Amino acid sequence: MADAHAVETVDLHKRYEGGSDALRGLTLHVPAGSIFGFLGRNGAGKTTTIKILLGMVRPSAGRATVFGLAADDPAASVEIRRRTAFVSDEKDLYGGMTVAEMIRFTAGFFPRWRDDLEQRYLRTFELPPDRKVKALSRGMRTKLALLLSLSRGAELLVLDEPTAGLDPAMTEEVLQALVGHAAREGMTIFFSSHQIAEVEQIADAVAIIDRGRTVVSGALDDLRENFRRVQLVFDGEAPAAAFEAPGITRVRRSGRVLTVLSTAGAEPILDRARALHAVSMDVVPVTLKEIFLESVTMEE
Amino acid sequence: MLWYKSWRDTRWRFFVALGVLTLSGTGVVLIYPRVLALVPLVPSSDAGGELGQRIREIAQLSREFRGYIWAQWFRQNVRQEWTVVSALLGTGGLVAQGSTGALFTLSLPVSRNQLVAVRAAAGLAELLIVALTVALLLPIVAPVVGQRYAVTDAVAHALCMFAAGAVFFSLACLLSTSFDDPWRPLLIAVLAAAVLGACETVFRGLQPYSVFAVMSGDVYFRTGHLPWIGILASAGVSAALLFVATVNLARRDF
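In the order they appear, the protein sequences are chains A and B.
Taking my numbering, the leading residue of the first sequence gets 8, the next gets one more, and so forth.
Taking my numbering, the leading residue of the second sequence gets 950, the next gets one more, and so forth.
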C-alpha cells in the first residue's frame, strides 16, 4: 500500500552539542502529492527538521520517516535520498564545476534521471552550460539547483527557503516552475519558508512551527475556513471570560468591544454571543499571515 | 562520480606535491658530481661526536650513487617533504566545510562510509602515484650525471614511502572529519610527525621500529629485502585511523 504521508515526524527532538534545543516534540504529517509549506520564524527549527529528514542531522529523540523509511537509519537514509531531491537555502553547489559538469555529475547518481526535463529546464531557465557555478548569480544558482532537483525523477522535493535572496520576478519564476512541475509529475513538494505570501500562493497544506514545535498544521483551505476573527459589541462591559474555551486562541477586550480569534470556526462564538445579547457581531476571515502571527505570538 | 569530485578537490595539492618532490629529487641527483668532488675532503674533517660520525657516514655512503641517493634523498629529504605531502593530501574531505557544496554532497544517495572510502582511496591513489613518480625519476635522471639507478630499487623505495606516508595521510583524513578547515589537520599531523621524530632521536632503540625507518627504506637499502613487518604495521595503523575517521563522520551532524 502506498504511504498516505510522504513525510511524518512524531515527537521529534533535537538537542545540539552545547545544549540548545532546536526541536522540542515536532509532529508533522505531509500528505503524499501535496505542496506542503513549512512555516516558521528564523531559528524555529525548519532547517534542522529538513536535515534530519535527509540524514544530515541525527534526532535526539522521536521518530522521523520519509516514504515510511526511518530517516535516522543509515541504509534507509540512502534510499530516502535516492528518491528525494533537496535544494538548500544557500544553493551550495560545486563552484569549480561548470553548469554542464554539475549536471553530468548529479545525473550519475540517479538512474531515473530525466534527460527531457534536463533539456527543458536548461532552456526555460536559460542556464549557460559552459559557465562555472561560482560565476553564476544567486538567481541562476537557484535555477541550476532546481534543474538538478527536478530532473532526477524524485518523488519528493525538499526545499529550504527556495526563494531566499531572489528578486520578485525571479521568485515568481521559481514558484511557477515548482507548481508546474508538481502538477505535471505528481510529486510531493515540502518547502520551508518564512515568506508567507509565497506559501499562500502555492501550498495546499501548511505547518507552522515555533521553537521546535508544531503550533498549527493542516490543509490551507481548512485553516482559512476554521480560523475566524469575530468582533462583538455589547451594551455594557464585554464579558471576556465567557469566551475562554477550547478552540478560542485569543480574546481581546476593549471596553464594550470583544475580539475573539477562533480555530474552530465562528459558529460556537456567535451562539455564545447571541446568548449574551451582543448588539453587533462581525465575522472576519483571517489571512495566513494573521494565522502565522497569532500562532507564534500565542506561543510567547 | 565521487571519485571525480575527490580528484577535483585535491588535484592542485596533488600537482603541487608532485612538482615539489620532482624538483627536490631531480636537484639531489644533479648535484651528485659536486658532492662526489667533496667526498675526499671529508676524512680530513676532525669534527667529533655524533655530527662528525654522521658526516663521515654520509661521505662513506656517497662514494656510491645508490648510497648517496639513500642517505640524501630517502633518509633525509623524503622524511621531511614526504611527511608534509602525505598530510597535505589527506586534509579536507568531500563534506568538510571548506569543501564547496558539502550539503549537496550529503544529499546524494551515498552513505557516509562511502564518502570516507572514496576520499581515502582517491587520496591514497594520488599518494602512490606521487611516490612512484618521484622514485622512478631517479633511474631516468641518473644518466644525466653519468650514473645508474635500478628501477627495482626505485619501486621498492616507493612502496616503503607509500606505506609510511599512508599513516600521516590517514591521520590527516581522520582529523579532517573533526575540523572544518584544512589547516588544523595538516598542522596537527605534522606536529605528530615531529613528536615521533623527537621520540626516535631520544630513544635510539626505537629507531628500527619507527615509521620513518619504513619511509626511508632503511632495511631494504641495507639488506635488499622489503621491510614487510614495517609495511604491514603501517598499513594496519593507516586502516585503523581510516576506520576511526569513518566512525567519526558517521556520528557527525552537519
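Hints may be right or wrong, so weigh each one.
[As the list claims (entries may be wrong)] To spell it out: a stretch of chain A is covered by chain B in this simulated footprint if at least three of its residues, at any positions, have a beta carbon under 8 Å from a beta carbon of chain B; those stretches are:
1) 63-76
2) 237-247
[Said to hold, decoys possible] Facing chain B, according to a computed beta carbon distance under 8 Å, are these residues of chain A, among others:
3) 17
4) 81
5) 88
6) 112
7) 115
8) 116
9) 119
10) 120
11) 121
[Stated by the list, open to error] Part of the chain B face toward chain A, derived, beta carbon under 8 Å:
12) 950
13) 953
14) 957
15) 1053
16) 1056
17) 1060
18) 1081
19) 1085
20) 1137
21) 1149
22) 1155
23) 1162
24) 1203
By construction, these hints were calculated from the structure, which means they are not laboratory data.
As the structure is a computational prediction, the values presented were derived from the model and not from experiment.
Ideal Cβ positions, reconstructed from N, Cα and C, are used throughout, including at glycine.
Quick rundown of the hints versus the structure:
Figure legend: the stretch 63-76 of chain A, annotated as covered by chain B; annotation consistent (3 residues with Cβ-Cβ distances under 8 Å, at least 3 required). A count of 0 residues in the stretch 237-247 of chain A with a Cβ less than 8 Å from any Cβ of chain B is obtained; the coverage claim is therefore unmet, three being the minimum. Against a cut-off of 8 Å between C-beta atoms, the interface hint on residue 17 (chain A) is violated, since the closest Cβ of chain B lies about 20 Å away. Given hint, residue 81 (chain A) at the interface with chain B, holds; its Cβ is 6 Å from that chain's nearest Cβ, closer than 8 Å.
Because the smallest distance between the Cβ of residue 88 (chain A) and any Cβ of chain B comes to about 4 Å, under 8 Å, the interface hint for this residue holds. Against a cut-off of 8 Å between C-beta atoms, the interface hint on residue 112 (chain A) holds, since the closest Cβ of chain B lies about 5 Å away. Against a cut-off of 8 Å between C-beta atoms, the interface hint on residue 115 (chain A) holds, since the closest Cβ of chain B lies about 4 Å away. The interface hint given for residue 116 (chain A) holds, since its Cβ lies 5 Å from the closest Cβ of chain B, which is under the 8 Å cut-off.
Given hint, residue 119 (chain A) at the interface with chain B, is violated; its Cβ is 11 Å from that chain's nearest Cβ, farther than 8 Å. Using the Cβ-Cβ criterion of 8 Å, the hint placing residue 120 (chain A) at the interface with chain B is not satisfied: the shortest such distance is roughly 12 Å. The beta carbon of residue 121 (chain A) is not positioned within 8 Å of any beta carbon in chain B (closest approach about 16 Å), and the interface hint is therefore violated. Here the hint on residue 950 (chain B) is kept, as its CB sits about 4 Å from the closest CB of chain A, short of 8 Å.
Using the Cβ-Cβ criterion of 8 Å, the hint placing residue 953 (chain B) at the interface with chain A is satisfied: the shortest such distance is roughly 7 Å. Annotation: residue 957 (chain B) was flagged as interfacial toward chain A, and the flag holds, the nearest CB pair being 6 Å apart, inside 8 Å. With its C-beta approaching chain A no nearer than about 6 Å, residue 1053 (chain B) sits inside the 8 Å limit, and its interface hint holds. Restraint check, residue 1056 (chain B) versus chain A: the minimum CB separation of about 4 Å is within 8 Å; hint holds.
With its C-beta approaching chain A no nearer than about 5 Å, residue 1060 (chain B) sits inside the 8 Å limit, and its interface hint holds. At about 27 Å, the closest approach between the beta carbon of residue 1081 (chain B) and any beta carbon in chain A exceeds 8 Å, and the interface hint on this residue is violated. At a threshold of 8 Å, the smallest CB-CB gap from residue 1085 (chain B) to chain A is about 30 Å, leaving the interface hint violated. Interface restraint check for residue 1137 (chain B): the shortest CB-CB distance to chain A comes to about 21 Å, outside 8 Å, so the restraint is violated.
Against a cut-off of 8 Å between C-beta atoms, the interface hint on residue 1149 (chain B) is violated, since the closest Cβ of chain A lies about 37 Å away. Violation of the interface hint for residue 1155 (chain B) is found here, the shortest Cβ-Cβ separation to chain A being roughly 38 Å, above the 8 Å cut-off. For residue 1162 (chain B), the suggested interface contact is broken, since its CB lies about 40 Å from the closest CB of chain A, more than 8 Å. The closest approach between the C-beta of residue 1203 (chain B) and any C-beta of chain A is roughly 5 Å, which is under the 8 Å cut-off, so the hint is satisfied.
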